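K.L.:
Protein sequences, first through last, are from chains U and S. What the first sequence shows, in the numbering used here, is residues 7 to 251, in sequence order. What the second sequence shows, in the numbering used here, is residues -16 to 238, in sequence order.
Simulated from the structure, these hints should not be mistaken for laboratory data. This one's a predicted model, so the numbers in the text were calculated from it and none came from an experiment.
Taking lysine-lysine pairs in the BS3-like style, the calculated list, with each CA pair at most 30 Å apart, reads:
| # | chain 1 | residue 1 | chain 2 | residue 2 |
| --- | --- | --- | --- | --- |
| 1 | U | LYS39 | S | LYS94 |
| 2 | S | LYS116 | S | LYS140 |
| 3 | S | LYS38 | U | LYS217 |
| 4 | S | LYS46 | U | LYS29 |
| 5 | S | LYS28 | U | LYS29 |
| 6 | S | LYS38 | U | LYS21 |
| 7 | S | LYS38 | S | LYS11 |
| 8 | U | LYS34 | U | LYS105 |
| 9 | U | LYS217 | S | LYS1 |
| 10 | U | LYS225 | U | LYS39 |
| 11 | U | LYS34 | S | LYS116 |
| 12 | S | LYS28 | S | LYS199 |
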Amino acid sequence: MTYLYNIGTYFLMIKEMFRKPTKWSVMKTLIFKDIDDLIFGSLGIVAFISFFVGGVVTIQTALNIDNPLIPKYLVGFATRQSVVLEFAPTFISIIMAGKVGSFITSSIGTMRVTEQIDALEVMGINAINYLVFPKFIAMMLYPFVISIAMFLGILGGMAACIYGGFSTLEDYITGVQMDFNTFHITYAFVKTFVFAFLLATIPSYYGYFMKGGALEVGKASTTSFVWTSVMIILLNYLLTQLMLS
Amino acid sequence: MIEVKDLHKSFGEAHILKGISTVFEKGKTSLVIGQSGSGKTVFLKCLLGLFHPEKGTISYDGKIYANLSDDEKRDLRAEMGMVFQGSALFDSMTIAENVMFPLRMFTKQSKSEMQDRVDFVLNRVNLFEAHNKMPSEASGGMQKRVAIARAIVNNPKYLFCDEPNSGLDPKTAIVIDNLIQEITDEYNITTIINSHDMNSVMEIGEKIVFLKDGHKAWEGSNQTIFKTDNEAVTDFVYSSELFKKVRQMYLEERQ
Ligand SMILES: Nc1ncnc2c1ncn2[C@@H]1O[C@H](COP(=O)(O)OP(=O)(O)O)[C@@H](O)[C@H]1O
Ligand SMILES: [Mg+2]
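Just chain S, with the same shape it has in the complex (with noise of 0.2 Å):
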């Protein structure tokens, strides 16, 4: 679980993050949705410990982030998982040598003890022949999976997701979601998706914080996303035409 406690960024003069507080809890998919630019991405790499918040408080089930040591705080990374926007595969390595190097660096197994783990995430995410491609000559979706089976590789608590699916055509993304939604449900781990995409939030979005202009505008899932008023939610939600006209039949069948 994760609980976030009036949280604010600012990179110089711009403030980004305007006091957010919410929690996420363990085993359950949770997305984050909201425009580009409305402080997603900054508001997840706050959660990873990339960027320091200069007010508010992160709890990893109890732990305060900035109340560890530098060690702990090293231990409490090594539980996390991050699948990046672009994927970030290390370009110069294999996808299998991709997937093993969280395991090199962190772990003490032998080179054969690796690769079997490397063999099984990466057929969790239905990669069975890839091991040595490079990153550049794999697809987008076979790159985000490869992204994921890194992530997951050391059986991390948490699991952070910038816009999994971004790029993607929509049945692959919708692929990718539910693959990180099975994987979230069977290690019981504590996952956060970026997205801004409403298939997504149709898909798999039994928990919604909706992020404006770096205030949490809205929280809620998808079966409450389509009956709210707020402004700034339907203003979102409907802002593609389809959306627009399925809302429409909606109202006029209730009337």
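So here's chain U without its partners, still in its complex pose (with noise of 0.2 Å):
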């Protein structure tokens, strides 16, 4: 009951976000914040991330393909598959649930039980408007982060293949371009708009409608972290089964 309780009430906020919106003057301030906050605040982390984690799959593959008939350049070829399809359109998002998701609950969250929610409300302020929309308008700029992460990891790999000596630089990029496929790229950022959805959406709603203090806050900024995660990783299946099978 409470899962459908939970489900319905998520729905009836998305609704409530394109409601009665907030003067545009105010809004446009709340966007750049927010883009400020969720997409460049993110840049740092996960730029590490992924030119690291591109170098370890790069080497994973190519001692895991130690076999004299299987070309070189598959190497890249597998970095770069399995960068773009997954790691960097669902490994960041789930990353990021818990970066901008914890972020976006607790600044929501803390709002409630400071009653500077309240406040909103007693002006006559879509609150619901005011403060998740701005985070939605922002999250629309995530396909720019999943970009960087999808060069930054081909990039690591190509790193991690020329330092360990796996391949020759040449090798690696034959690699990466072969068998080029547009569709790939569609469902990488399909995802990535679906990911960007759930993680403006979901954190915003465990911060929204929590009620307590500041213990509260914590544990709400928790259960929006396993939850985005959870919708990130079924989503990310539900896609994957309807476009490339």
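Take the two lone chains, each set in its own frame, and fit them into one complex as the hints suggest.
P.N.:
Shown next, in the form of structure tokens:
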């Protein structure tokens, strides 16, 4: 029952997010602030993780296909496929569920427990639009973050490949460029948009509807991380089934 | 003037407000007092339209809230100011931005008009140099003043304050109480203050509504509160040793 209730409330929140919009002059500053917090604020960690995980993917692939019959350029190919298809869109989104998600839940939750949300509502402001909509818009730039993750993942793989002596730069690049399928890019970015939506709205839901005090803000952040990741994994499965098979 | 008739509010099974009727007059500071948990905050949030009562009516200068259209409700909301118990300042904005916020949202004033108005209300609550501080850098008393400034910046007709002096030292508390009363007087506002503080009662209690377990147990003023025989009220008033002693002395003197 509580699951149904939560899901219902979540969709009502989504609907409410588009109703009675906040004055544009105010909304504009909120959007820029959220772009700064959610997008630019995440670039550092995303770059760091992408580069090194890309490297690890390459090393492991190279070590696992230690067979003279398999051409060396497959290392680059395999790295590109795993980075573009799964690692950048999905793995990074799970990391973002922790970073961006808990930030959103705790900042909205704190506004709830300190009655700042009540203060907005008293003024006749649609608090859901005021708080969630700018995050939703800011997260529309999330594909930009994921593109960087893809690029750096492949770059990290290249660095690892050359430093580790697994194959030559030419082989790696040949592999990266091999059998390029644009539909894979479409698939990756459809996923990215869906995850961006989840990353903006699920944590907002857990922050907005929380009850209690400071301790509960912490708990809500954890719950929000768990459910955002679960939904990302589930929708990843569904979308993959729908689009690739 | 705000008229409340037979107000009921429940949360699930818990019946919190059990039929409250009273009138709050214009230009007057009215107090709603009672122990923690007696329903003061719920009552105030019903008056603000944040909670929807199951039964009863609230009317603002003759307009019954429940009968208003959404637009009319919004217009009415714009005439209300609220000082929350914990001040509820937006912590991502400076003090001046907090006070300017309702103006930015609801008026078409130019930047300099807004700034003048912000200066005016901040000066009115005796804050002269705090404009660029963040709320977290301000003391509790200062935050309360900012909250009051934000509540009155849009010239409200109705001002609600939830325990405006909780967490303040007695001296600052009285300053805040007096400030609210002066502002009420000056701008002819209908003001309602929630409190459990006897100092407020003595200082500004020209009209007092006493809540107990969601009922209105008594109504009067600071002139009559010390004379009533209502047990719930005397229990509340004389819960502090100081007041007990004062009452004893008074009774002895009378004999
Ligand atoms: N949103 C809510 N949901 C459920 N119960 C609530 C809610 N708000 C207040 N209550 C309950 O209503 C009662 C009165 O609370 P309140 O009005 O905050 O008391 P106080 O007089 O201290 O301000 C308390 O028992 C509280 O638990
Ligand atoms: Mg209260």
